[in-house]
Amino acid sequence: MKTASAVSIGGRALGLYTALAYAFLFAPILASFVFSLNSARFPTLPLSGFSTEWYAALWADTAVWQAFGNSARIAVVTGLLATVFGFGAAYTDYRYNFFGKSAYLAIALLPPTVPVIILGLAMLSFLSRIALSGQVISVIIAHVVLATPFAMAVIRLRLSQMDTALEAAAWNLGASPWQSLRYVVLPFVWPALVSALFLTMAVSFDEYAIAWFVSGLNETVPVRILSILQGSVSPEINAIGSIVFTTSICLVVLAQVIYLRAAPAKAKETN
Amino acid sequence: MHATNATLPPEERTGPADAAGAPVARLFRSARLYAGSLALPVLIWQLVFFVAPLCFLVAMSFWVVQSYRLVPGFDAGSWAKVYGMSVFWDAYARTFAMAAGAAVLISVLAFPVTYVLAFRLSPAVRRLAMLMLVVPFFTSYLVRAYTWQVFLADDGIVNAALTAIGLPDLTMLNTVFGTFVGYVTLCLPLVILLQLMSVASVDRTLIEAAQNLRCSPMRTVFRVIIPASRVGLTLGATFCFILVFGDFVSPTYLGGGNAPTLGILITDFTKAGNQWPRAAVVAITMIATLLTVAFLAVRFAYKTKGERG
Numbered sequence: 050m051k052t053a054s055a056v057s058i059g060g061r062a063l064g065l066y067t068a069l070a071y072a073f074l075f076a077p078i079l080a081s082f083v084f085s086l087n088s089a090r091f092p093t094l095p096l097s098g099f100s101t102e103w104y105a106a107l108w109a110d111t112a113v114w115q116a117f118g119n120s121a122r123i124a125v126v127t128g129l130l131a132t133v134f135g136f137g138a139a140y141t142d143y144r145y146n147f148f149g150k151s152a153y154l155a156i157a158l159l160p161p162t163v164p165v166i167i168l169g170l171a172m173l174s175f176l177s178r179i180a181l182s183g184q185v186i187s188v189i190i191a192h193v194v195l196a197t198p199f200a201m202a203v204i205r206l207r208l209s210q211m212d213t214a215l216e217a218a219a220w221n222l223g224a225s226p227w228q229s230l231r232y233v234v235l236p237f238v239w240p241a242l243v244s245a246l247f248l249t250m251a252v253s254f255d256e257y258a259i260a261w262f263v264s265g266l267n268e269t270v271p272v273r274i275l276s277i278l279q280g281s282v283s284p285e286i287n288a289i290g291s292i293v294f295t296t297s298i299c300l301v302v303l304a305q306v307i308y309l310r311a312a313p314a315k316a317k318e319t320n
Numbered sequence: 125m126h127a128t129n130a131t132l133p134p135e136e137r138t139g140p141a142d143a144a145g146a147p148v149a150r151l152f153r154s155a156r157l158y159a160g161s162l163a164l165p166v167l168i169w170q171l172v173f174f175v176a177p178l179c180f181l182v183a184m185s186f187w188v189v190q191s192y193r194l195v196p197g198f199d200a201g202s203w204a205k206v207y208g209m210s211v212f213w214d215a216y217a218r219t220f221a222m223a224a225g226a227a228v229l230i231s232v233l234a235f236p237v238t239y240v241l242a243f244r245l246s247p248a249v250r251r252l253a254m255l256m257l258v259v260p261f262f263t264s265y266l267v268r269a270y271t272w273q274v275f276l277a278d279d280g281i282v283n284a285a286l287t288a289i290g291l292p293d294l295t296m297l298n299t300v301f302g303t304f305v306g307y308v309t310l311c312l313p314l315v316i317l318l319q320l321m322s323v324a325s326v327d328r329t330l331i332e333a334a335q336n337l338r339c340s341p342m343r344t345v346f347r348v349i350i351p352a353s354r355v356g357l358t359l360g361a362t363f364c365f366i367l368v369f370g371d372f373v374s375p376t377y378l379g380g381g382n383a384p385t386l387g388i389l390i391t392d393f394t395k396a397g398n399q400w401p402r403a404a405v406v407a408i409t410m411i412a413t414l415l416t417v418a419f420l421a422v423r424f425a426y427k428t429k430g431e432r433g
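If you read the protein sequences in the order shown, they are chains A and B.
Throughout the first sequence, residue numbering follows this note's numbering, covering 50 to 320 in sequence.
Throughout the second sequence, residue numbering follows this note's numbering, covering 125 to 433 in sequence.
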């Protein structure tokens, strides 16, 4: 029989391994922050002096400003559209059964499983045929396709916590479908809607491959990063990377916190 | 669309009220309008901007490029050309092997973490640990992969640390090892989360029964937990395969880009050569491969016990 100490050594090894796995995942993010504030041109150890010169260089770079402007506009519009579409798909799945439903769900959910490079190629060749490529709206169109499934997943999860009798009760009290949607369903799912909005904005803000294909001259931040990587790399990349990390981490954490805070309050909101 | 009477709004119910005639017909129309305005926008959007572009890709693979311009046609020349290139088959074999290797390797690397999250953590800590997996999954993979260069370069952090403790330097950047570091960065969070879906819901009484029968912890993992979480383990490996198969970032920025994968081949055909039909041939071949792999994986994941050999 195994002794207690052998088991606890195994347990400690597992714990250590898990800590290492998380360290591996966060190492590049931390390194990006550290070296963005390091004065050396070629990042290595030991660190040289503290410096904000790379942020100053970014501040002076109009191409980067433009990229942030494009990314912000694209992310907001994508987030709003994807959340509305995601709600429609999630509610349809929650409420109705109909012939061809699995095909409907497949079309709504499949885009993230297609490699982004293929989506980028397909979107660019298709959109340029209908004179919609190389514009800000091209990126929005493509990002809504990619982001809607994430919104749908979050909202569907929330809907599955809703008592199906609630809507029926509203109808029995004389509410029209639109009224019960407005006064019963939406108040219940709104945390998921906000969560989906932030999550889809993060998806759009970080997406590099499709945007690289369809954006033309309207570079987004990740496309700007790709062009920096293809030229002469400077530590500016760590500064821009740190800003990108901060933005998407905030969006994703907000999305999660808003969703999780709402979950226990389920009973309270159903009145 | 249909559902049982109890769950329908008044307009959709059928019954004696139908005798009222025209107003009921109007109500039916309004119920259809309601369902349609929620269900259809997303369907139309995805049909026009997702399904149509993919179908167009198939058509475009038969078009021809004349003096850098794409001309409609029906010419299988691009298919013959691409399938006759040894570069393509090399890239195909390499991409497939790396995706399969990554699927196995990352599944194995992920499992101990999944185990700890499922069985060793309190629910509150587990939620935090899961949040800390969701965050990197949605956080710029491009920048995360690129930043590994700082660690793996010849004069990077890892070699600086090795020198400090008196060990010889390693070449890690622009090698297959470097590429795999990128793949782990890309896939590990998702694979752990998918594995966790199944592992966390393994029936605890099965594990207790195994322990009561003096089954060692190792044996419990291999004979009870892994077979019972086949769905999550298979889905994790499959998504890992899909992500790696289409990736061009890690092979380019950590693998050196000298040994092209299919993803790199697509960017080369389009960005460098304007060879859109050839890129489409590569893309369609990739989609066919992924569909086959996904189909086989789903069949394996959900096959019933009776069929097991």
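Be careful, since some hints might not be right.
[Claimed, not checked] Partner residues aside, some chain B positions facing chain A, computed with beta carbon under 7 Å:
1) Pro165
2) Phe173
3) Phe180
4) Phe235
5) Val259
6) Pro260
7) Val267
8) Ala333
9) Leu337
10) Cys339
11) Phe346
12) Phe372
[Said to hold, decoys possible] Chain A is faced by these chain B residues, among others (derived, beta-carbon under 7 Å):
13) Phe174
14) Leu181
15) Val182
16) Thr263
17) Thr271
18) Gly381
19) Ala383
[Stated by the list, open to error] Away from chain A, derived, C-beta distances all over 10 Å, residues of chain B:
20) Ala163
21) Asp199
22) Asp214
23) Ser264
24) Thr309
25) Met321
26) Ser325
27) Gly370
28) Arg423
Calculated from the structure, these hints are not laboratory results.
Even glycine gets a Cβ: it sits at the ideal position worked out from N, Cα and C.
Hint validity - Thr271 (chain B) Cβ closer than 7 Å to any chain A Cβ: holds, 4 Å
Interface hint for Val259 (chain B), Cβ within 7 Å of any Cβ on chain A: holds, 5 Å
Hint check, Phe235 (chain B) versus chain A [nearest Cβ-Cβ separation less than 7 Å]: The hint is violated - Phe235 (chain B) has no Cβ within 7 Å of chain A, the shortest such distance being about 10 Å.
Interface hint status, Leu337 (chain B) versus chain A (Cβ within 7 Å): violated, 13 Å
Evaluation of the interface hint that places Cys339 (chain B) against chain A, nearest CB under 7 Å: Because about 12 Å separates Cys339 (chain B) from the closest Cβ in chain A, which is outside the 7 Å limit, the hint is violated.
Residue hint Phe346 (chain B), partner chain A, criterion CB-CB below 7 Å: Result: violated, 15 Å to nearest chain A Cβ.
Interface restraint verdict for Leu181 (chain B) against chain A (beta-carbon cut-off 7 Å): Holds - the Cβ of Leu181 (chain B) comes within 7 Å of chain A, reaching about 5 Å at its closest.
Verdict on Met321 (chain B) as a residue remote from chain A, using beta-carbon distances over 10 Å: Given a closest Cβ separation of 13 Å, the condition holds.
Supplied contact hint for Ala383 (chain B), tested at 7 Å Cβ to chain A: violated, 17 Å
Ser325 (chain B) non-interfacial with respect to chain A [C-beta, more than 10 Å]: holds, 16 Å
Ala163 (chain B) non-interfacial with respect to chain A [C-beta, more than 10 Å]: The claim breaks: Ala163 (chain B) does not keep its Cβ more than 10 Å from every Cβ of chain A (closest is about 4 Å).
Whether Ser264 (chain B) stays farther than 10 Å from all C-beta atoms of chain A, as the label says: violated, 5 Å
Hint compliance for this structure: hints 4, 8, 9, 10, 11, 15, 18, 19, 20, 23, 24 and 27 are not met, and every other hint is.
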